[in-house]
Amino acid sequence: MEIAVDIQDLTVAYGDKPVLWDVDLQVPRGVLMAIIGPNGAGKTTLLKSTLGLVKPAAGSVRIFGKPYEQQRHLIAYVPQRSSVDWDFPTTVLDVVLMGRYGHLGWLRRPGRAERAAALAALEQVQLADFAHRQIGQLSGGQQQRVFLARALAQDAEIYFMDEPFQGVDAVTERAIINILRDLRAAGKTVVVVHHDLQTVTEYFDQVALINVRRIAAGPVHDVFTEANLRATYGGRLALLETSRVAAPASSAAPAPGD
Amino acid sequence: MELFADYTLRTVTIGAMLLGAISGFLGCFAVLRRQALLGDAMSHAALPGIALAFLLTGQRDPFILFVGAASAALLAALWLLVVVRTTRIKDDAALALILAVFFGFGLVLLSYLQRQPNAAQAGLKSFLFGQAAALIERDLWAMLAVGVPALALVLIFWPQVKLVTFDPDFARSIGLPVRGFDVLLNVVMVAAIVIGIQTVGVVLMSAMLVAPAVAARQWTNRLETMVVLAAGFGALAAMAGAWLSTLGEGLATGPLIVLMMSLVTVLSLVFAPGRGLLWRNLRRRQVLQAS
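Just so you know, the sequences run in chain order A and B. For the first sequence, the working numbering gives the first residue as 13, with consecutive numbering after it. For the second sequence, the working numbering gives the first residue as 77, with consecutive numbering after it.
Careful, some of the hints might be misleading.
As the list claims (entries may be wrong) - In silico DSS-like pairs for lysine-lysine, Cα to Cα no more than 30 angstroms straight-line:
| hint | chain 1 | residue 1 | chain 2 | residue 2 |
| --- | --- | --- | --- | --- |
| 1 | A | 67 | A | 29 |
| 2 | A | 67 | A | 78 |
| 3 | B | 201 | A | 67 |
| 4 | A | 29 | B | 166 |
In short, the hints are calculated from the structure, not lab data.
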């Protein structure tokens, strides 16, 4: 199996406090992988250091066997929705257009082709009618879909998403997971920081359990076990029903909105 | 209009409008990047630079004063960065500290300058609150020489500047040198500050960076429109201030410009459709009545 993302010995510290300690992680091509773990476990930091946004103290990241810097054009990124100011004076279409900037040269302005790509991405997330709205006028779920559309406009091979289901309603969650499945069907790789343990077996093929260290990673039916979850969450694991652990999702589970 | 007929008045008015337009445009990025306080600290920090430049050369040449002001402002910004990175002092405390240190040092230098024989034409007040009436043609050219390259840099890199301002993490993920753009935008802000110091002075300069941007934001949801509006508001306020100062003997132009700008901002905050206080109140009432 081809490895899309290969993380070796990744260690990240803020000041003298380690946030990630010696993490190894391989993401095979063409899977939906969830990264789960308690708050403060370093999930977002794992994503950010993979993307070169946070400088690791040690370790390496390779994308299809090459350093990240050479493979940027194969990567799309959905940051946490709360990471930007939604009152910024710009339109939905402008934000999605930003997904094309990585493919534009330094002095080229986005033109007709870029606008068409951005509109197509908006169409995919069912926000085409909102193209000219100011981004602050959207609901939280719509804002999340704008970020998703921007990533789709990047037309990448690997998609990194930081909590794309955060604060969206059940309908939006359905819409987003359908898009992720379409991506997988097209052979893309999707890595998602996720916090809802209830939906892991239903949504994802692979899962990485992180709590500063890597606890376990691999196919959901192998590693999403009660023992691993206890090792990851410690005593904080209360909500999970044992029936959901390491059992293939048979029925369509209700999608819980936050 | 007589503002443009009289040579001195014309120079003052054009100079003030240039300052208003340039600082209004560039100030949008200070506001959107939440660096307005940094702008304030840097403009106060420019004072010792101006005083030193004057002290060393004995000249009031705009280019020499600009170099002094810009060096001091950049030094302050750099020092701030070092303090925040290496100590546990938070950035707001560090800002206040550095502002006070530089401004205090500037005041000491100015009081020393006061006692010098040739200081009459460059008195204390003219550096603190500006002296628009003393603007000469060479000052206008100096403003253009600093302002036009600053504006051009922002316009050339417009898509990148916009992206870095809105979402720096995403910008870095696609390989933009975000650090480099931070430096660029801070240098550009220093350029705007330096341009305004002769006209409105170091104390009030930050108002000319912040107020036009805040006013312009009220009227539009597009960055492209916002920067143009901010430049327009800045120029308008500057013209109004320059005109008002001709009405009475000894009315200081700089503070009048800032007052006019504040007036535009207050009106925008209250009356702008959509975002204005009045509008939002009306709509709330409509919603209440409908339900």
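Here is how each hint holds up against the structure:
Restraint check: the Cα-Cα separation between residue 67 of chain A and residue 29 of chain A comes to about 14 angstroms, which is no more than 30 angstroms; the hinted pair holds. A distance of roughly 18 angstroms separates the Cα atoms of residue 67 of chain A and residue 78 of chain A; the hinted pair therefore holds under the 30 angstroms criterion. Between residue 201 of chain B and residue 67 of chain A, the direct Cα distance comes to roughly 48 angstroms. Violation of the 30 angstroms bound is thereby established for this hinted pair. The hinted pair formed by residue 29 of chain A and residue 166 of chain B meets the criterion: a straight-line CA distance of about 19 angstroms does not exceed 30 angstroms.
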